[in-house]
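Trainee: Residue numbers (my numbering), protein chains in the order written: chain A, 1 to 312; chain B, 1 to 317.
There may be inaccurate statements among the hints.
To be verified - Covered stretches of chain B, as calculated for chain A (at least 3 residues, CB under 8 Å):
# : region
1 : 31 to 37
2 : 50 to 61
3 : 89 to 95
Simulated from the structure, these hints should not be mistaken for laboratory data.
Quick reminder that beta carbons are idealized off the backbone N, C-alpha and C, glycines included.
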Amino acid sequence: MPRLLATQSHVVHGYVGNKAATFPLQCLGWDVDCCNSVQFSNHTGYGLDKVFGTITNETDLKELLSGLFDNFPQDYQALLSGYLPNKNSVRCMGRFCAKFKEKNPEIIWLMDPVMGDEGQLYVSEDVIPEYRKLALSPKQLVDIITPNQFELEILYGEEIKTKDHLKKALEILHNTIPVIIVTSCDSKMFDDQDYIYCVASMKNKTPIVYRVPFIDSYFTGVGDLFSALLLDRVYKILSNPITTLKFEDQVNNVLNVIQKVLNLTRSYTSGKINAKMGSALEMKEMELRIVESRDIYETINVNENDYIYTRL
Amino acid sequence: MTSTLHRTKKVLSIQSHVIHGYVGNKAATFPLQYRGWDVDVLNTVQFSNHPGYAHFTGFKCSTEELVEIVEKGLIGALGIKYDAVLTGYFPNVQALQKMAGIVGQMCDEDENVQWVLDPVLGDNGRLYVDEKCVAVYRDILQSSKIFLATPNQFEMELLVGMPVRTLEDTKRAFELFHERYPRVTRVVVTSLELSEFSNDNVYVVAGFDSSLGDEVFFYKIPKINATFSGSGDLITAMLTDSLLNDHGRTQQPLSTSLGQALWLVTSILQKTYDLNVANQGPHDSAISIKDLKLIQSRDILKQDPVPSMGKPDTINI
């Protein structure tokens, strides 16, 4: 039975970070060990004055991860890291993930380098070099990254404006990272801007561009769910050299699952869709329906829609 | 499709968190979620693993943090309406007192909120919290409206102040419990070793619902040759589900709910045992199983309707 260690945020109410990742992965058969980098009442979309709780300080985080490393050095088949609140927590997570990886080279590590979106950083600037160090490490520590375009540009070090430029950036980053999935690309690079574009790229293979109908990115936590499902689907390929599963199908499958979860979520929230970010009473109706989607995650071989658009 | 969507039941679960393994919130959350609950998970501590392992690391959350998250966040800013609040392990007397005050008030202000209280004090004759917590739990049980309390044998003994070793004791203990704590509607003692059954290789799970008269009922459960960390936390969670997750059904009696919760829990324990023995091989003396195989028990948790353990035995008080 596969077991993974997930290091990211915890919210008491709602579904982002570990709360968005854990249940779907458990439904898929993973034992998920959740190391919580914060405990907040709810996510920050409710308004910053409406978030209560604390950040797990660096000493505590280090203690927790070293306790796990000492007791269970060889228990994990995968590592997942997502939102971490500051430089120290990214560095600490990185150090321990690297230790696990050194002890068990076959571990698959998916790192979501959560830094910001659409030109806006939402972590402190000193987090950037920490993620760059991990992503660009010559030791090839990380197996899969799931940046959005903004985060990809930060890791790559340049703004990306064309498809050719994107292809170049992926090639360079593949020097240290085998699998890169850009969860949302600037639609200006493509013909029809009414879609969301996602690029999945495996080292030495042609990157695949997917496009999905534009659903307003209203629901917080979609990226965390996306990373969790990708880890499950891509793990099944990377951990099995004789698999018949195809990378492009696995990513397409994840996109199908996400669409289904969003549709189900929308069916619960119809009529309230115009709730304002920051209006806490309304926001709480806008959480992803992670639990209600229980039977959707397992739809392993169902690719209802082919979202593949083109190749780079 | 929209018309068939039922409202998802919401529970606030306030318990310990371990990263590796399944006790406290880790034992309660996944089974409740898998059975359809929207679980708000408030962790009172974060440990690498439970203390049943020789070594563990981690920290306790401050009382201020817990209070603020619930009072200012969940109630104040978000105004969440819960169907149930489940409380378990608190790291110190102050956190227990403060949080019990808040939960008590939530239940007083909204009669739809049901408090399921696991008075976590210790097990097998050994306290694992500050001694002062015993008196605090007695106060809480005396003064608060509680939907269900789930002590184990040792905790029941501490709460009623008498040993519980026979069926006669059990009857008397429930009587005393009800006299002392009349605002507690239901009580289930989750694991009783009784002398009458010492040769039958069974343990007893007994319950009493004061709203339904004065009958104590009990189930005799065949023992598995092992001890399981987290099984009490799992029982409390599954009882919460079978009592309150009334998809279109009217609330069923405690004895029926307990029969279903026990079916789920004993099936999961058996599966956990089988998977462990498959790894470890046969054994004579009881093995200590540190981690429930909850994820591998999805097919059990998926059962709907849940089968029952059958009819319980009864004693009149």
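Trainee: Could you run down the list of hints and mark each one as holding or not?
Mentor: Tested hints:
1. Requiring three or more residues with a Cβ within less than 8 Å of a Cβ of chain A, the coverage given for the region 31 to 37 of chain B holds, as 4 such residues are present.
2. Residues of the region 50 to 61 of chain B lying with their CB closer than 8 Å to a CB of chain A number 7, which satisfies the three-residue condition for coverage.
3. For the region 89 to 95 of chain B, the proposed coverage by chain A is not satisfied: 0 residues have a C-beta within less than 8 Å of a C-beta in that chain, short of the threshold of three.
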